[in-house]
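J.: Line order of the protein sequences matches chains A and B.
So the first sequence is numbered by the working numbering: it starts at 1 and just counts up by one.
So the second sequence is numbered by the working numbering: it starts at 327 and just counts up by one.
Worth flagging that the hints you see were computed from the coordinates, not collected in a lab.
Some clues are possibly wrong.
[Unchecked claim] If you want the footprint, here are the derived chain B segments under chain A, 3+ residues with CB under 8 Å:
1) 380 to 394
2) 449 to 459
3) 470 to 480
4) 517 to 526
5) 643 to 650
[To be verified] In silico DMTMM-like links for lysine to aspartate or glutamate, alpha-carbon gap of 25 Å or less:
6) Lys476/B / Glu313/A
7) Lys226/A / Glu167/A
8) Lys315/A / Asp628/B
9) Lys150/A / Glu434/B
10) Lys641/B / Glu313/A
11) Lys293/A / Glu273/A
12) Lys150/A / Glu639/B
13) Lys503/B / Glu624/B
14) Lys177/A / Glu254/A
15) Lys119/A / Glu434/B
16) Lys641/B / Asp227/A
17) Lys513/B / Glu608/B
18) Lys476/B / Glu290/A
19) Lys177/A / Glu284/A
20) Lys150/A / Glu616/B
21) Lys503/B / Glu405/B
22) Lys295/A / Glu282/A
23) Lys641/B / Asp302/A
24) Lys315/A / Glu608/B
25) Lys177/A / Asp227/A
Here a beta-carbon is modelled for each residue, glycine too, at the ideal position from N, C-alpha and C.
Protein chains: 2
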Amino acid sequence: MSAEAAARILDMLREREAPLSGAAMSKSLGITRSAIWKHIRSLRREGYHIEARPASGYRLVAVPANPTQWEIQAGLGTEHFGTTIYALPQVDSTNKVAFRLALNGAQEGAVVVAESQTKGKGRVGRRWESPTGSNIYLSIILRPKITPTKIPLITLMAAVASAEAIEEVAGLLPAIKWPNDLLIEGKKLGGILTEADMEMDRINFVVVGIGINCNMTRSSFPPSIKDTAASLQEALGREISRIALIQAILRHLEQWYTRLVQGRGEEIRGRWEELSQIRGKEVEIAFMGEIVKGKAQEIDADGALLVQEAGGEVKRIVAGDVHIRG
Amino acid sequence: MSAEAAARILDMLREREAPLSGAAMSKSLGITRSAIWKHIRSLRREGYHIEARPASGYRLVAVPANPTQWEIQAGLGTEHFGTTIYALPQVDSTNKVAFRLALNGAQEGAVVVAESQTKGKGRVGRRWESPTGSNIYLSIILRPKITPTKIPLITLMAAVASAEAIEEVAGLLPAIKWPNDLLIEGKKLGGILTEADMEMDRINFVVVGIGINCNMTRSSFPPSIKDTAASLQEALGREISRIALIQAILRHLEQWYTRLVQGRGEEIRGRWEELSQIRGKEVEIAFMGEIVKGKAQEIDADGALLVQEAGGEVKRIVAGDVHIRG
């Protein structure tokens, strides 16, 4: 099925409340009436409630609440992020699916979202709990022409974009915990997992995974994260639109990514420092089997965190488990 | 079909010249005679010439000359490299196939070989010419628990192992050109392409691709590499056994890899310097959009090349296009 034709049928149905005849759509799209009918059936299978009356035509009665590609793309407002969207019921992990797609040549800006993950991934192989139907599990493929040393900036950029998108849609601004967590009142609301396919001196592609706990209610929190996780629904006392949040994430991501590839990493670092709370704090960071203790300084030009140890030595840290002391 | 049963049938047939009855094999393997017959048919499809005589049984008359998994595994002599082998007629690139397998959970030491590649890859997205049926295109999956900064050592290790394997099988020792080429008389005999799936501070897996021009004759060289490429067949004036060379590569690779993960990178560096001819040479290296000129020094502990510029400054280079001056 041509995804584009289905999208245009949806657009036409969205625009009017009165029924629209199959003949009118057929003429407008230049496809047969039976093709129109096939697309209508496909859309219905995706959860669109489309009434069909023999005399008057088709009418859109209700759209699905879950993020289908059509719902995300309707009024998305990006240049090219989300031009291709794979919205899937269940995957092993959206990062893995995106990796496979990227290996097969998928374009920059292609997005994978899933209703649940059987092997949702956190940093360094940890599990990211991914129950069905209430949260956001999203991965996007990037093909930046930057040096591999700048990859940490991509994680920072994604954290900034996600925080801003959450503020826009839910009206509350999460804190960023270095390097890849989004927190509400000290509990984990979301996380970023940046993975790259790399040669020594070249990035083939990057997959940025974003997981955000949206409408998960306290009683549906998996036991393993009950004490450490937050959700937007719990913080707000109401559901939020995952579709609106995904759209906002893609818009903010595209804006920050444009700055990144234009060499304006400075702006990402600036915004990141506003949203993060690490600078000047005493930290302990587990990094590559070593514990680094000291005072967190700024983020350097490549996105690494500088930590000044008691002896005065400054260590450069690209990722790790950070514990803020005192 | 159980690959293991087929392998054991082959082993039994290899061991004797007289025909072996289906009943004897059935008893020895604990599977039915009709299962034996199915395996025989599968092996025949892979190119094994197995005679069947109603009265006396099966006899192995000829084995395929191309590297099937059975031929590579027969007498391989490794611990676990090559325990799983995917021998395929044609792929886009063995590195890509190995990447997909690794994403799906393939074990360390799993190997992909192909008779030809439609999108054979060299470093930084260049093409690696991969005509059918005469060369080696091999990728292996590694899951080393080492820090990402040590990945350049993997390329060096693979170059050393490949050079030693070629010496063992063909009796000539190619030179290693930093970082990833194998040369005979200044012409390109083979190359290594190391790609990793990485997070900031963690290697998920590494795929090492090895391409070696084996039995390609001058008249069958693709035009684009006619002047720059070498093959073993051309250098020796005779064909070499690709199966024997693949086996030798896997054995040498496993030995060097064991040293790598045991923290004995020093030995890799030492052997690499013997086989390489770069130390002390005046070089020009294109690296991340910059040209570094100077005298090549040693390889550092992470496998990067140190180059001393005219002003005395020493630059650390992880990969690039090197031109040896004068």
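J.: Against this structure, judge whether each hint is valid.
T.: Hint-by-hint comparison with the structure:
Here the stretch 380 to 394 of chain B counts 0 residues with a CB under 8 Å from a CB of chain A, which misses the bar of 3, and the coverage is violated. Beta-carbon proximity to chain A at under 8 Å applies to 3 residues in the stretch 449 to 459 of chain B; the threshold of 3 is reached and the given coverage holds. Check on the stretch 470 to 480 of chain B: 3 of its residues sit with their Cβ under 8 Å from a Cβ of chain A, so the three-residue criterion for coverage holds. Interface restraint, the stretch 517 to 526 of chain B with chain A: holds (8 residues with C-beta to C-beta distance below 8 Å; minimum three).
With 3 residues having a beta carbon nearer than 8 Å to a beta carbon of chain A, the stretch 643 to 650 of chain B meets the requirement of three or more and the stated coverage holds. Restraint check for Lys476/B and Glu313/A: the C-alpha separation of about 23 Å stays at or below 25 Å, so the hint holds. A distance of roughly 24 Å separates the Cα atoms of Lys226/A and Glu167/A; the hinted pair therefore holds under the 25 Å criterion. Between Lys315/A and Asp628/B the alpha-carbon distance is near 18 Å, which keeps this suggested pair within the 25 Å criterion.
Straight-line distance between C-alpha atoms of Lys150/A and Glu434/B comes to about 29 Å, which puts the hinted pair past the 25 Å bound. Between Lys641/B and Glu313/A, the direct Cα distance comes to roughly 22 Å. Compliance with the 25 Å bound is thereby established for this hinted pair. For a cut-off of 25 Å, the pair hint linking Lys293/A to Glu273/A stands: about 20 Å separates their Cα positions. With a C-alpha separation of about 23 Å, the suggested pair Lys150/A and Glu639/B falls inside the 25 Å cut-off, and the hint holds.
Between Lys503/B and Glu624/B the alpha-carbon distance is near 14 Å, which keeps this suggested pair within the 25 Å criterion. For the suggested pair Lys177/A and Glu254/A, the alpha carbons sit about 22 Å apart, so the restraint of at most 25 Å is met. A distance of roughly 20 Å separates the Cα atoms of Lys119/A and Glu434/B; the hinted pair therefore holds under the 25 Å criterion. Note on Lys641/B and Asp227/A: the hinted pairing is violated, with a Cα-Cα distance of about 49 Å set against a maximum of 25 Å.
For the hint linking Lys513/B to Glu608/B, the alpha-carbon distance of about 20 Å falls within 25 Å, and the restraint holds. This hinted pair checks out: Lys476/B and Glu290/A have alpha carbons roughly 16 Å apart, not beyond 25 Å. Between Lys177/A and Glu284/A the alpha-carbon distance is near 13 Å, which keeps this suggested pair within the 25 Å criterion. At roughly 16 Å between alpha-carbon atoms, Lys150/A and Glu616/B fall within 25 Å of each other, so this suggested pair holds.
Distance check on the hinted pair: Lys503/B and Glu405/B sit about 29 Å apart at the alpha-carbon level, beyond 25 Å; violated. For the proposed pair Lys295/A and Glu282/A, the alpha carbon gap of about 4 Å is at most 25 Å, so the pair holds. Proximity of Lys641/B to Asp302/A is assessed by CA-CA distance (about 18 Å); at most 25 Å being required, the pair is judged to hold. Proposed proximity of Lys315/A and Glu608/B is contradicted: the alpha carbons are some 33 Å apart, above 25 Å.
Proximity of Lys177/A to Asp227/A is assessed by CA-CA distance (about 17 Å); at most 25 Å being required, the pair is judged to hold.
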